[in-house]
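Mind docking chain F on chain A? Use the hints.
Protein chains in written order, with this note's numbering: chain A, 16 to 452; chain F, 16 to 452.
Heads up, a few of these hints could be off.
Remember, identical chains collapse to one label, so a pair may be satisfied in a single copy or spanning two.
As the list claims (entries may be wrong) - No more than 30 Å apart at the CA atoms, straight line, and that leaves these computed lysine-lysine pairs for DSS-like:
1. Lys-46 x Lys-341
2. Lys-448 x Lys-254
3. Lys-43 x Lys-341
4. Lys-417 x Lys-351
5. Lys-48 x Lys-384
Simulated from the structure, these hints should not be mistaken for lab results.
Protein chains: 2
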Amino acid sequence: MNIILLSGGSGKRLWPLSNDIRSKQFIKIFKTKDGQYESMVQRVYRQILDADPEATVTIATSRTQVSSIHNQLGDKVGISVEPCRKDTFPAIALATAYLHDVQGIPGDETVVVCPVDPYVEQDYFEAIKNLSAQAAKGTANLVLMGIEPTYPSEKYGYIIPENDSAVSPVSTFKEKPDMETAREYIRQGALWNGGVFAYKLDYVLDKAHQLMDFTDYKDLFAKYETLDKISFDYAVVEKEPAIEVTRFSGQWKDLGTWNTLTEAMEDSSIGNAIMDESCANVHVINDLDVPVLAMGLRDVVISASPEGILVSDKGQSSYIKPFVDKIDQRIMFAEKSWGNFRVLDVEEESITMKVTLNAGHGMNYHSHKNRDEVWHVISGKGRAVVDGLNQEIEAGHVITMKAGCRHTVIAETELKLIEVQLGRDISVHDKEKHVLG
Amino acid sequence: MNIILLSGGSGKRLWPLSNDIRSKQFIKIFKTKDGQYESMVQRVYRQILDADPEATVTIATSRTQVSSIHNQLGDKVGISVEPCRKDTFPAIALATAYLHDVQGIPGDETVVVCPVDPYVEQDYFEAIKNLSAQAAKGTANLVLMGIEPTYPSEKYGYIIPENDSAVSPVSTFKEKPDMETAREYIRQGALWNGGVFAYKLDYVLDKAHQLMDFTDYKDLFAKYETLDKISFDYAVVEKEPAIEVTRFSGQWKDLGTWNTLTEAMEDSSIGNAIMDESCANVHVINDLDVPVLAMGLRDVVISASPEGILVSDKGQSSYIKPFVDKIDQRIMFAEKSWGNFRVLDVEEESITMKVTLNAGHGMNYHSHKNRDEVWHVISGKGRAVVDGLNQEIEAGHVITMKAGCRHTVIAETELKLIEVQLGRDISVHDKEKHVLG
Chain A
16 MNIILLSGGS
26 GKRLWPLSND
36 IRSKQFIKIF
46 KTKDGQYESM
56 VQRVYRQILD
66 ADPEATVTIA
76 TSRTQVSSIH
86 NQLGDKVGIS
96 VEPCRKDTFP
106 AIALATAYLH
116 DVQGIPGDET
126 VVVCPVDPYV
136 EQDYFEAIKN
146 LSAQAAKGTA
156 NLVLMGIEPT
166 YPSEKYGYII
176 PENDSAVSPV
186 STFKEKPDME
196 TAREYIRQGA
206 LWNGGVFAYK
216 LDYVLDKAHQ
226 LMDFTDYKDL
236 FAKYETLDKI
246 SFDYAVVEKE
256 PAIEVTRFSG
266 QWKDLGTWNT
276 LTEAMEDSSI
286 GNAIMDESCA
296 NVHVINDLDV
306 PVLAMGLRDV
316 VISASPEGIL
326 VSDKGQSSYI
336 KPFVDKIDQR
346 IMFAEKSWGN
356 FRVLDVEEES
366 ITMKVTLNAG
376 HGMNYHSHKN
386 RDEVWHVISG
396 KGRAVVDGLN
406 QEIEAGHVIT
416 MKAGCRHTVI
426 AETELKLIEV
436 QLGRDISVHD
446 KEKHVLG
Chain F
16 MNIILLSGGS
26 GKRLWPLSND
36 IRSKQFIKIF
46 KTKDGQYESM
56 VQRVYRQILD
66 ADPEATVTIA
76 TSRTQVSSIH
86 NQLGDKVGIS
96 VEPCRKDTFP
106 AIALATAYLH
116 DVQGIPGDET
126 VVVCPVDPYV
136 EQDYFEAIKN
146 LSAQAAKGTA
156 NLVLMGIEPT
166 YPSEKYGYII
176 PENDSAVSPV
186 STFKEKPDME
196 TAREYIRQGA
206 LWNGGVFAYK
216 LDYVLDKAHQ
226 LMDFTDYKDL
236 FAKYETLDKI
246 SFDYAVVEKE
256 PAIEVTRFSG
266 QWKDLGTWNT
276 LTEAMEDSSI
286 GNAIMDESCA
296 NVHVINDLDV
306 PVLAMGLRDV
316 VISASPEGIL
326 VSDKGQSSYI
336 KPFVDKIDQR
346 IMFAEKSWGN
356 FRVLDVEEES
366 ITMKVTLNAG
376 HGMNYHSHKN
386 RDEVWHVISG
396 KGRAVVDGLN
406 QEIEAGHVIT
416 MKAGCRHTVI
426 AETELKLIEV
436 QLGRDISVHD
446 KEKHVLG
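Only chain A is shown next, with the shape it has when bound in the complex (with noise of 0.2 Å):
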């Protein structure tokens, strides 16, 4: 099977543990088996791969998440980088593009389009299966799951079947309705659209070549800033005459706001959270070290980040964006492909962070114009390359770098250090890279 993942989002709705570069698929939020979190990606990842275990994965997304989804799934995965938001037609494209030019994929080969963000159980990926083998079949061009509605939501688009059989054609789409409107649709047999479909690969192929002009993946790539915005509903799905859709009635749960996120939590709080037994219907998410104490509290989610702190009614957490959106907060913790930063302090003319590598793993071979950086090893082993030279490292070594002076570290154990940064007009953006000899 290969599946593309579609993962989007700039995080705001789940502040301050998602932010503009950690989107909320990265929060580690779910319990796993042997008691450790993973993220709703890594969830994601880890079900495809037990529902197939040859499945190739592909994700679709922007640059700023490609270090969190190294971080989190390794290197195995496919990682088709959009070079900037062009809505769901191009992004489909480009990943197909990429999965035929760059993977090898045959073009008669089906592929599955998901959201990387839905809530589910296992028997979501086994009707995924049943997708791919129905596009295979080719009696249609396009195959969309339909989700049973389990209410009348205003928030999905609804999907009409010819008849209620397990595989049906479309009769017609329908926009978000409002709720009156949604009864009446389910009354008819109408299914939630939740984004899910399945084609053979040639066919996106072959209309991303009528619509678009391009030569092979790396030709599009180039182009992809000049592209229409446009979505693949709109360029695609509506204009398509030979459309099925097959039904599915498990468990699909959109965790898109703190009220929902936290019905799919096992725990009431994840963290250093105490509670008191006044305390009824409360969430806390805290991903500091130090305790978060709640009393006398009812429907109220707490989630405490380096970013800030959000304390919010459940119900009121989904009108969170307009606030978010006016908080012009620094990035405070980062996760790399290489490991991971948190800023610990910030004056005017310094910044502190501690930096956590991963075993193995180094930094890019990178230099600052406008500051200098000591480093200061608190725990494990590596060496560290500073204008050419090596030098071993371990805890209690101190390197100090001037502004100019080229330098990186790699890990032999995991390894932390305090990095101190000190100049006027400290920039994210100010960072050359360079090819370490």
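Okay, now just chain F, sitting in the frame of chain A:
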């Protein structure tokens, strides 16, 4: 006027802004005319000097508060340090001996004792001046302030005066009553006992010599740990027939819980806080640099500091103590006589902190047995002394100190540095002080 301010309390009720070494009276929460914030102790000290610029103010307190007092009030205020906590009679006796033997106050001068933490206006200190003047007349050995009750409180002891004149002999004292009894007391003209009283210095000194075996202040200080715990009420007030009470009818609030404290706040938030329009009667006190976002809450107090985060229904917040007792949290922030420090990161074998020294101040010259330290100056100028060697320092300088090495830093301007401590068993107790040659 000679005034002794009793400054006690572990501050657990106002966690996380107060902690074992920072009592509630040091939290900067009250807005001044110039838009700055001052603490309870700063407010009271300022109010006393406004009422009587010549006042001799002595704070009776424990060793742990000395740094905070000097940091917030400067070096002019007198401090009577209790070597350990022994209840109010030994504390008042020690402070009275301190006034006599250290400050040289004659035995026939009057002394006023009052708690450091009532939230009052200027008229309270005018009343204290009257109290002092009344004690000077010598018509009674003790003159108490009786506060006119505004409601039948179960939290206070009551004073029943013989008559309703401005100054009256005391008929009797009553313990904290239940509400019905409190109503009855108030019908009888009873007054709250706010723990404010005045006496001639020799009176308490004589009582102290009768009840405890000591020669002078130094001797009492040396013997302090051997003294019995006994309250001033029990040892003196209840046995004294010649007591008067003066009436005070102005504002007098006991800000001992988050609920009462937030009532005294001028604005609904201090620090980086955002509230949506559906919040009602919500207060945010945020001591962190990152924002707190509150949505859809009612009657809630949110308080965040480097020690932790409290989110509590206001009424429920008065039951906080047992929960905070159970929190085993490292001190993350402290005021020192020379400035302050804040812990930024804690790892198994390292601690990283930011140290701020006020201009003209320096730490003790000291060494540690079990940890190496590195200072990275991030702003300001001064000098470091390391094993006797002086060194001018400024932003960018890195000073490394091995375990055993003696060191200090003295700030010329305000000076900030990042300190990385490295070693096994890092402890605040691993500190040896030395004389700077």
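*What label fits Lys-43 with Lys-341 when the C-alpha limit is 30 Å: within, between, both, or neither?*
This pair counts as both: shortest intra-copy Cα distance 25 Å, inter-copy 27 Å.
*asked:* Reference check for the pair Lys-448 and Lys-254, CA-CA at most 30 Å: within, between, both, or neither?
replied: neither (46 Å within a copy, 82 Å between copies)
*Evaluate Lys-417 and Lys-351 at a C-alpha cut-off of 30 Å and name the case that applies: within, between, both or neither.*
Answer is within; shortest intra-copy Cα gap is 24 Å, inter-copy 33 Å.
*State whether the alpha carbon distance between Lys-46 and Lys-341 is at most 30 Å within one copy, between copies, both, or neither.*
between (32 Å within a copy, 26 Å between copies)
*Using 30 Å as the alpha-carbon threshold, which applies to Lys-48 and Lys-384: within, between, both, or neither?*
neither (48 Å within a copy, 44 Å between copies)
Hints 2 and 5 from the earlier list are contradicted by this structure; the remaining hints agree with it.
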